[in-house]
Amino acid sequence: EAAVTQSPRNKVAVTGGKVTLSCNQTNNHNNMYWYRQDTGHGLRLIHYSYGAGSTEKGDIPDGYKASRPSQENFSLILELATPSQTSVYFCASGGGLGGSSAETLYFGSGTRLTVL
Amino acid sequence: SQWGEENLQALSIQEGEDVTMNCSYKTYTTVVHWYRQDSGRGPALIILIRSNEREKRSGRLRATLDTSSQSSSLSITAAQCEDTAVYFCATGAGAKLTFGGGTRLTVRP
Chain A
56 EAAVTQSPRN KVAVTGGKVT LSCNQTNNHN NMYWYRQDTG HGLRLIHYSY GAGSTEKGDI
116 PDGYKASRPS QENFSLILEL ATPSQTSVYF CASGGGLGGS SAETLYFGSG TRLTVL
Chain B
89 SQWGEENLQA LSIQEGEDVT MNCSYKTYTT VVHWYRQDSG RGPALIILIR SNEREKRSGR
149 LRATLDTSSQ SSSLSITAAQ CEDTAVYFCA TGAGAKLTFG GGTRLTVRP
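Heads up: the sequence lines are chains A and B, in that order. Using the working numbering, read the first sequence as starting at 56 and increasing by one per residue. Using the working numbering, read the second sequence as starting at 89 and increasing by one per residue.
Any given hint could be a false lead.
[To be verified] The list that follows gives simulated cross-link-like pairs (lysine-lysine, DSSO-like), each with its CA atoms no further than 27 Å apart: (1) 112(A) / 184(B); (2) 144(B) / 184(B); (3) 112(A) / 114(B); (4) 144(B) / 114(B); (5) 120(A) / 73(A); (6) 66(A) / 112(A); (7) 114(B) / 184(B); (8) 73(A) / 112(A); (9) 120(A) / 144(B).
[Unchecked claim] Footprint (simulated), chain A over chain B, 3 or more residues, beta carbon under 8 Å: (10) 152-163; (11) 186-193.
[Stated by the list, open to error] Distance windows between CB atoms, simulated: (12) 142(B) / 135(A): 29 to 35 Å; (13) 69(A) / 142(B): 50 to 56 Å; (14) 58(A) / 155(B): 30 to 36 Å; (15) 99(B) / 60(A): 30 to 36 Å; (16) 129(B) / 107(A): 43 to 49 Å; (17) 169(B) / 93(A): 25 to 31 Å.
If you're looking for bench data, these hints aren't it; they were derived computationally from the structure. C-beta: ideal position from N, C-alpha, C; glycine also.
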C-alpha cells in the first residue's frame, strides 16, 4: 500500500508567522502535490512537482512556496501566514511516469491549519 | 455537475437506487480520475478512465468519458449506505491534476 505521511496533523499559527507543512512518501513516485480543501469546496491545487528539485505553480499559488529537496519529501511553506490560509491541506504523490497525471494519486491524511 | 471553484453539490438517495454524478471539464485532459473521500480522510481513487476509453467498469461503478463534450460521469448501481461519501472528479494533462467541486452523496437506509 502506498504511503504518504503528512506532518503535523494539526497546526495553529499566528498571523504573519512562518508555517512549514511537510510531506513524505515512500512510494518512489515522481509527482507530488499540495492541495487545500475548504469546507464545502473541492480540492484546489497550490503547487506540484515532477521530481526532486522541481516545483510548479498550481491554480492558487499566491502566498505559498514549495520545496522538493528529494524524491521522498515535498514541503509547503507559508512565509507570512494569514487567516485566509486557514484550511485543510492535503499532500499527494503519483507515479506519473514522464510527468503524466495518468496514474493513481495517493493522499495523506491532511493537515488542519488554523491561522489566528 | 461539478467543476473547479463550484461549491460542493449534494445528492440524497435511498439504498438500492442507482445514481449518476456528472463532471464537466474546461481544458484538454488525457485522463479523468474519480475519487471518494470519507469524512476526516484524504481522497482515494475509485476509478480512472483514459481519453481513449469511453467507458470503464469496476464492480458497481461505471465511469464514462465523452471528450467531444468534455464531460465524464460516475454511476453507482444499487447504492449501499457505505457508498455515502464525497465524490470528486479530477482531470489533467501532464502532471497537473485539477479537481472538481465534488458531490456529497448520502445513501439513506
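Worksheet item: Which numbered conditions among the earlier hints are violated in the structure presented, ordered from lowest to highest?
Response: 9, 10, 12, 16
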